[in-house]
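> Chains as they are written, first to last, in UniProt numbering: chain F, 1 to 407; chain B, 1 to 242.
It should be emphasised that the hints constitute simulated quantities derived from the structure, not laboratory data.
Among these hints, one or two may not hold up.
What the hints assert, rightly or not - With a straight-line Cα cutoff of 16 Å, these simulated EDC-like cross-link-like pairs (lysine to aspartate or glutamate) come out: (1) F:Lys28 to F:Glu323; (2) B:Lys142 to B:Asp229; (3) B:Lys142 to B:Glu118; (4) F:Lys29 to B:Glu57; (5) B:Lys142 to B:Glu57; (6) F:Lys283 to F:Glu174; (7) F:Lys28 to F:Glu319; (8) B:Lys223 to F:Asp95; (9) F:Lys283 to F:Glu335; (10) F:Lys283 to F:Glu173; (11) F:Lys28 to B:Glu57; (12) F:Lys82 to F:Glu200; (13) F:Lys123 to F:Asp40; (14) F:Lys29 to B:Asp55; (15) F:Lys29 to F:Glu323; (16) B:Lys142 to B:Asp55; (17) F:Lys157 to F:Glu140; (18) F:Lys256 to F:Glu200; (19) F:Lys82 to F:Glu99; (20) B:Lys223 to F:Glu335; (21) B:Lys27 to F:Asp143; (22) F:Lys82 to F:Glu71; (23) B:Lys27 to F:Glu335; (24) B:Lys27 to F:Glu286.
To be verified - One-sided and incomplete, this derived list gives chain F residues near chain B with beta-carbon spacing under 10 Å: (25) Thr7; (26) Gly328; (27) Arg339.
In this text the structure is predicted, and so the values were computed from the model without any measurement.
C-beta atoms are modelled at their ideal positions from N, C-alpha and C, and glycine is treated no differently.
These are the residues of each chain, in order.
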Amino acid sequence: MPQPSDTRDLLILGGGLVGMTLALAAAKKGIASHVVDRADPASLTAEGFDGRASAISTASWNLFTNIGLAESLEPYGCPIAKIAVTDQLKPGRIDFAPEEHEGSLGRMFANRQLRLALFEAAKAEPLIAWHAGVDVVARERGDHGVSATLADGTVLKGRLMVAAEGRRSPTREEAGLKIANWQYNHRAIIAGLIHSQPHENVAWEIFYPEGPFALLPMLDDEQGRHRSALVWTVDESDGDGVLAMGDRAFIAEVEKRMGRIFGDLQANGPRSSYPLGFHHTAKIVEHRLALVGDAAHGIHPIAGQGLNLGLRDAGALVEVIAEARRLGLDPGDAEMLARYESWRGLDAFMVSLATDGLTRLFGVSGPGASAIRRLGMAGVQRIEPLKRWFMDEARGVSGDVPALMQG
Amino acid sequence: MSDATATIRPDEAAHFGALAADWWDPKGSSAMLHRLNPVRLGFIRESIDRHWGGDIESASPLAGKDAVDVGCGAGLLCEPLSRLGAEVTGVDAAPENAAAAAAHAEAAGLDIRYMAGEIGTLDLGSFDLVTCMEVIEHVADKPAFLAALTTRLADDGLLILSTPNRTAASRLLLVGAAEAVGAVPRGTHHWDDFVTPEELSGLLADAGLTVTQTQGIAWRPGKGLHLSDDMSLNYILAARRA
């Protein structure tokens with residue numbers, strides 16, 4: 001028998017990486033939440049469900065530390081010491097490497113490990129009421145609170161609704177928040193690789209006219225084999241073909257693009273793909289509603305910033321709500337939500353635009369274009385402030401960083 | 001309000017009563033108050049923590065304390081004070097305001113007592129916290145009004161007042177431009193009734209109070225309303241018994 005639920009500060013729709021981080025960060029500030037997700041956590045954390053890996057910037061790592069996840073995650077993170085950017089493996093490569101005292105450029109994690117750590121922490125957190133494997137059939141945002149009705153008739157109540165459902169957020173659609181949206185007509189192929197030579201903690205971004213080919217360093221597996229995660233952008237029309245290839249044909253195609261920089265290659269685990277696109281909403285708040293993560297802005301994974309941007313939304317929103325609480329204001333206070341919007345709107349748009357600009361720069365074909373790209377890259381190598389900006393973005397420490405994400 | 005000792009002009013009480021229903025719309029005619037609210041609450045929170053030496057992280061720094069907001073309107077300040085843990089009484093000269101405030105608090109699930117009338121004539125007892133935001137500029141007999149507020153203040157109590165300053169800038173922006181563009185409803189302010197921080201400090205001293213802190217509430221493009229050293233438009237102060 002469905003029971004009417006208690007009214008909590010937050011009603012978070014979408015309990016993925018961003019939504020659950022938000023709930024945990026809020027809980028650390030004493031803010032209670034409902035977290036609603038249609039997926040069953042056991043299937044989300046099953047081996048082979050999601051072969052994706054994420055770069056966790058220094059700022060995002062600070063957030064994980066502040067919500068108590070660092071200890072359980074630490075053994076699974078592979079530090080990125082350097083990012084090597086090249087145009088089709090031609091000369092003119094740029095290396096982004098921090099100074100000794102600046103620490104790593106981030107850490108690589110299998111998304112599965114991040115989910116396991118977040119879900120475990122969420123289960124142990126009394127301020128989080130987690131409703132998994134359920135469908136939301138109705139949403140309401142009223143004068144004094146918000147509610148979501150589940151398929152079994154249960155009504156969950158809160159003061160502020162947070163849409164964290166990813167790029168196709170039904171809550172955003174229902175609220176009528178317009179998004180600027182374009183598709184790249186490209187697909188990212190995600191796969192694991194095992195290679196004979198160590199990656200030496202270097203992440204590679206190799207640009208081809210069809211799009212970037214990225215290698216992200218992972219920790220060696222239990223048998224001591226060297227591993228990297230591959231994010232390979234292919235033309236939309238080639239996507240299904242690449243997914244259907246046998247392992248041997250796939251590795252041959254991969255080897256054409258990365259050469260023998262890591263020695264002999266072997267496929268590791270299942271392949272998956274997702275369509276690439278750029279979308280951004282100018283308005284990320286509405287009456288008692290805030291958007292976070294991909295529901296607000298999706299970016300090309302070229303710079304590995306998608307999750308970091310979403311985590312920064314979570315950090316900023318928690319800071320704003322905690323401030324509202326300190327002042328005795330309702331978590332859905334319009335004035336406080338306006339602060340969140342002005343804080344995050346511009347930052348997310350800057351990263352989205354810069355990333356989109358990079359994609360377009362490298363998406364132009366022809367030998368002339370390649371020369372321009374290499375010139376462009378040499379330019380970036382030389383222009384110190386620009387390089388600094390790139391590095392700071394990758395580490396997530398530029399702009400106004402939420403307090404939860406400062407070291 | 002036919003009481004001969006009434007300190008609030010009848011025409012002013014009627015003016016705000018007409019606005020009551022619209023108070024809680026953040027985009028309505030009280031939009032400026034909604035924007036002002038987090039700013040003045042920032043000052044109030046800091047004053048509370050300093051006055052009682054409380055934990056700045058606490059979600060309920062007013063637990064176990066009584067508070068009264070004088071000139072409460074539809075409860076924009078009473079509700080936050082209630083969430084911060086206080087037993088709150090809201091007083092407003094206009095009965096429509098008190099009624100609107102009570103209805104809103106009930107719907108929001110907050111237990112707040114609202115009373116229509118004047119602070120000087122209601123028998124309310126004393127309070128740990130007395131707040132009075134943007135009221136004194138509408139009051140004819142300021143010394144009598146401040147004496148009435150002081151009567152309501154507990155021995156170890158904290159009084160917080162905010163009001164526009166009487167400067168050329170406030171005449172131009174608050175009375176002229178803000179009313180002209182509709183940021184503040186027309187007829188809200190009479191510049192000649194404004195008091196400067198020095199005058200108010202003197203009036204409070206006459207009532208037996210000492211000002212412990214004063215800050216300006218300023219506005220800047222890109223930053224909006226914020227606490228500042230610039231007191232030329234509006235200011236907020238904390239006071240206690242001398």
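> Hints first: check each against the structure and report whether it holds.
Taking the hints in turn, this is what the structure says about them:
Among the hinted pairs, F:Lys28 with F:Glu323 is consistent with the structure: their alpha-carbon atoms are about 13 Å apart, no more than 16 Å. Between B:Lys142 and B:Asp229 the alpha-carbon distance is near 25 Å, which puts this suggested pair outside the 16 Å criterion. Distance restraint check for B:Lys142 and B:Glu118: the Cα-Cα separation of roughly 13 Å lies within the 16 Å cut-off, and the hinted pair is therefore satisfied. Simply put, F:Lys29 and B:Glu57 have alpha-carbon atoms about 9 Å apart, close enough for the 16 Å limit, and the pair holds.
Taking the CA atoms of B:Lys142 and B:Glu57, the gap is near 36 Å; set against the 16 Å cutoff, the hint is violated. For the hint pairing F:Lys283 with F:Glu174, the CA-to-CA distance comes to about 14 Å; that is within 16 Å, so the pair holds. For the proposed pair F:Lys28 and F:Glu319, the alpha carbon gap of about 11 Å is at most 16 Å, so the pair holds. The suggested pairing of B:Lys223 with F:Asp95 is violated, with an alpha-carbon distance near 38 Å, which exceeds 16 Å.
Distance check on the hinted pair: F:Lys283 and F:Glu335 sit about 14 Å apart at the alpha-carbon level, within 16 Å; holds. As the CA atoms of F:Lys283 and F:Glu173 are separated by approximately 12 Å, the hinted pair is consistent with the 16 Å bound. A distance of roughly 12 Å separates the Cα atoms of F:Lys28 and B:Glu57; the hinted pair therefore holds under the 16 Å criterion. Pair hint F:Lys82 plus F:Glu200 holds up; C-alpha atoms about 9 Å apart against a cutoff of 16 Å.
Of the pairs offered as hints, the one joining F:Lys123 and F:Asp40 holds, with about 14 Å between alpha carbons and a cut-off of 16 Å not exceeded. Our distance criterion of 16 Å between C-alpha atoms is met by F:Lys29 and B:Asp55, whose separation comes to about 14 Å. Between F:Lys29 and F:Glu323 the alpha-carbon distance is near 10 Å, which keeps this suggested pair within the 16 Å criterion. For a cut-off of 16 Å, the pair hint linking B:Lys142 to B:Asp55 is broken: about 35 Å separates their Cα positions.
The hinted pair formed by F:Lys157 and F:Glu140 meets the criterion: a straight-line CA distance of about 9 Å does not exceed 16 Å. Under the criterion of a C-alpha separation no larger than 16 Å, the hint pairing F:Lys256 with F:Glu200 is inconsistent with the structure, at around 21 Å. Distance hint between F:Lys82 and F:Glu99 is fulfilled; the C-alpha atoms sit about 10 Å from each other, no more than 16 Å. Between B:Lys223 and F:Glu335 the CA atoms are separated by roughly 13 Å; this keeps the pair inside 16 Å, and the hint holds.
Among the hinted pairs, B:Lys27 with F:Asp143 is consistent with the structure: their alpha-carbon atoms are about 13 Å apart, no more than 16 Å. Of the pairs offered as hints, the one joining F:Lys82 and F:Glu71 is violated, with about 24 Å between alpha carbons and a cut-off of 16 Å exceeded. Of the pairs offered as hints, the one joining B:Lys27 and F:Glu335 holds, with about 10 Å between alpha carbons and a cut-off of 16 Å not exceeded. For the suggested pair B:Lys27 and F:Glu286, the alpha carbons sit about 12 Å apart, so the restraint of at most 16 Å is met.
A cut of 10 Å between beta carbons decides the hint on F:Thr7: the least distance to chain B is about 8 Å, and the hint holds. Interface restraint check: F:Gly328 against chain B, minimum CB-CB distance 3 Å, threshold 10 Å, status holds. For F:Arg339, the interface hint holds, the least distance from its beta-carbon to any beta-carbon of chain B being 8 Å, beneath 10 Å.
Hint check: violations occur at hints 2, 5, 8, 16, 18 and 22; the rest are consistent with the structure.
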